[in-house]
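Student: Chain P is already provided as a structure; the job is to place chain H on it using the hints.
Heads up: the sequence lines are chains P and H, in that order. Residue numbers 4 to 344, in the working numbering, belong to the letters of the first sequence in order. Residue numbers 4 to 344, in the working numbering, belong to the letters of the second sequence in order.
Hints are not guaranteed to be accurate.
[What the hints assert, rightly or not] EDC-like cross-link-like pairs, simulated, lysine to aspartate or glutamate; straight-line CA separation at most 20 Å:
1. P:K209 x H:D261
2. P:K326 x P:E205
3. H:K216 x P:E265
Hints in this document: simulated from the structure, not taken from any laboratory. Predicted, not measured: the structure shown is a model, and the values here were computed from it.
There are 2 protein chains.
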Amino acid sequence: MHVQEKKVHINKPLELNSGKILKSYDLMFETYGELNDEKPGWWDNMIGPGKPINTDKLFVVCMNNLGGCHGSSGPNSINKETNQPYGFEFPIVTVQDWVNSQKVLMDEFKIPKWQFVIGGSLGGMQALQWSLDYPDQINNAIIIAASPKLTAQNIAFNEVARQAITSDPDWCNGDYIKHNKVPKRGLALARMLGHITYLSDESMAKKFGRDLKKDKINFNFDVEFQIESYLRYQGEKFVTSFDANTYLLMTKALDYFDPINEAGFTEKMNQCKSRFLIISFTSDWRFPPSRSEEIVKTLVEYKKDVSYACIESDGGHDAFLMKNDNYFEVMRTYIEANING
Amino acid sequence: MHVQEKKVHINKPLELNSGKILKSYDLMFETYGELNDEKPGWWDNMIGPGKPINTDKLFVVCMNNLGGCHGSSGPNSINKETNQPYGFEFPIVTVQDWVNSQKVLMDEFKIPKWQFVIGGSLGGMQALQWSLDYPDQINNAIIIAASPKLTAQNIAFNEVARQAITSDPDWCNGDYIKHNKVPKRGLALARMLGHITYLSDESMAKKFGRDLKKDKINFNFDVEFQIESYLRYQGEKFVTSFDANTYLLMTKALDYFDPINEAGFTEKMNQCKSRFLIISFTSDWRFPPSRSEEIVKTLVEYKKDVSYACIESDGGHDAFLMKNDNYFEVMRTYIEANING
Chain P
4 MHVQEKKVHI
14 NKPLELNSGK
24 ILKSYDLMFE
34 TYGELNDEKP
44 GWWDNMIGPG
54 KPINTDKLFV
64 VCMNNLGGCH
74 GSSGPNSINK
84 ETNQPYGFEF
94 PIVTVQDWVN
104 SQKVLMDEFK
114 IPKWQFVIGG
124 SLGGMQALQW
134 SLDYPDQINN
144 AIIIAASPKL
154 TAQNIAFNEV
164 ARQAITSDPD
174 WCNGDYIKHN
184 KVPKRGLALA
194 RMLGHITYLS
204 DESMAKKFGR
214 DLKKDKINFN
224 FDVEFQIESY
234 LRYQGEKFVT
244 SFDANTYLLM
254 TKALDYFDPI
264 NEAGFTEKMN
274 QCKSRFLIIS
284 FTSDWRFPPS
294 RSEEIVKTLV
304 EYKKDVSYAC
314 IESDGGHDAF
324 LMKNDNYFEV
334 MRTYIEANIN
344 G
Chain H
4 MHVQEKKVHI
14 NKPLELNSGK
24 ILKSYDLMFE
34 TYGELNDEKP
44 GWWDNMIGPG
54 KPINTDKLFV
64 VCMNNLGGCH
74 GSSGPNSINK
84 ETNQPYGFEF
94 PIVTVQDWVN
104 SQKVLMDEFK
114 IPKWQFVIGG
124 SLGGMQALQW
134 SLDYPDQINN
144 AIIIAASPKL
154 TAQNIAFNEV
164 ARQAITSDPD
174 WCNGDYIKHN
184 KVPKRGLALA
194 RMLGHITYLS
204 DESMAKKFGR
214 DLKKDKINFN
224 FDVEFQIESY
234 LRYQGEKFVT
244 SFDANTYLLM
254 TKALDYFDPI
264 NEAGFTEKMN
274 QCKSRFLIIS
284 FTSDWRFPPS
294 RSEEIVKTLV
304 EYKKDVSYAC
314 IESDGGHDAF
324 LMKNDNYFEV
334 MRTYIEANIN
344 G
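Just chain P, same shape as in the assembly:
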């Protein structure tokens, strides 16, 4: 599946949940469903001609969010007011802010309504927020491997990742770009830790077990077990492609998300017209099935039209990115049944 990357400049202020205002900003997105360049998309096994998100029938828009580091305005972008990169000054954004910025893009392109808003993990949270904030612009929300809010344990993992980054001397109080540095150690640690929470105990056991990198124990602190080698590699790779301040912002957006406990939830739910498909994975311990079921329970309480599938998988949280016949069949069936209304 080939993908077109596009960027739009929005010259209209966006007021953020924090009270801060982004006077202007870029939004980077991919579209699927037209003939275009050679780069495979991020969710390539799911989106394409004949795939569950079928581009023979659907036009698909995929966002890089504000605060990100792959095209949309974020900490690495130039703040036009200072002609310097934002760095740590880029405002903290929330899931609601993202949805608002996506609505601006939608209006820009005169798209009247999304037939489906679909996302995994933090993307699933955005799909839920869409159904609450723009009841007339969304017909279906597909919320995969998500949670209605983070637990203390989830926040704790995020906090250790943030501390890893901000305690790296090369983070330079967030101003590493100006100092021509990269907080590689902290960002790699954050990624290694993240990876443990994305995989399941079972999948790690299957993939690595206690296999040694060499044929016997070294009695030193070099890499000994395959899992160590894998984690170090993941950490090193990540620092070449991701921005540390973006990582901080993403974890904050996750921590803050809690729409059910926000003022006005009942009113929003009463106005919500969306149908819902909720999907969880058995071995996901970052957002286990019980967290998806909290969403289901709330939606059912408000008499919404909800389908729910808990998919057997040992893929952990990352299962939502993996090929899985049952998962894909649930997606395909729901989408085909709801494609026209």
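Tutor: Chain H only, in chain P's frame:
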């Protein structure tokens, strides 16, 4: 309960699993069951007059292990051959090395036999190792919240902790003492991460939930949630009382432990005369009940005398340090039934 701390100097070489030799070393230990000073012991709720490990009837010896930082020889001790602290040069020690050093202490005091060898977590691994390596010197092994070996996920968490320490510039390639530094940031990160794995999701939810430190969200990177405050505090406290190189050594001893898959296990099991009590806790996800049950299964296969209790608790891995009626009753009953033979 009051405790006496004692140190002995052992002037006899100890050959380690790594092949290295400690020519002489100190062993620090606590004894319970005599009248002595004012300091409460580490496992105070469990050990004392009338408590499950009843010092009215038992004389209790509690070790600081080799490689530690509370009295026994370790990275902070002076290497007599160089007159410098060992630092990173202190050899990697294994659970078997610890048991061997404990046997030396036992001989030093002419103790012919332990009635019980009791330990939680890494201490439980030592109790298991005792039953294998010194079948004539142990009558009962009580193995609490332990595992026969680490999983890939367990090793992964250890590896992130090690990377946090060794990537801290103040670690100075392990020579921070000579440079008059302390790798505070790395050690605090390791501790914060460790803490998440010691507590259960449930207990964190109960204790902290999503409670905020202030009355509302700040939209900045200061402490916001109570759990963040707790973790930072735990990290900061730890660096004043624990040594980073000791932390590295302890994680290695954990990673390496795998007696069931070592050569000679069958012979050792056939000679093993110990009775066993194995205890696990329902909410322990570091070493869940299934890991204790692997030990039980193996012991039963070799027709050993095994009692097993899985205790209902939301305390996570740390449950073995907490007061719990069922847990204490199991300990008390087993110890009273086996105190004389």
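Student: Indicate, hint by hint, whether the structure satisfies it.
Tutor: Evaluation of the provided hints:
{"no.": "1", "hint": "P:K209 x H:D261", "in the structure": "18 Å, holds"}
{"no.": "2", "hint": "P:K326 x P:E205", "in the structure": "17 Å, holds"}
{"no.": "3", "hint": "H:K216 x P:E265", "in the structure": "18 Å, holds"}
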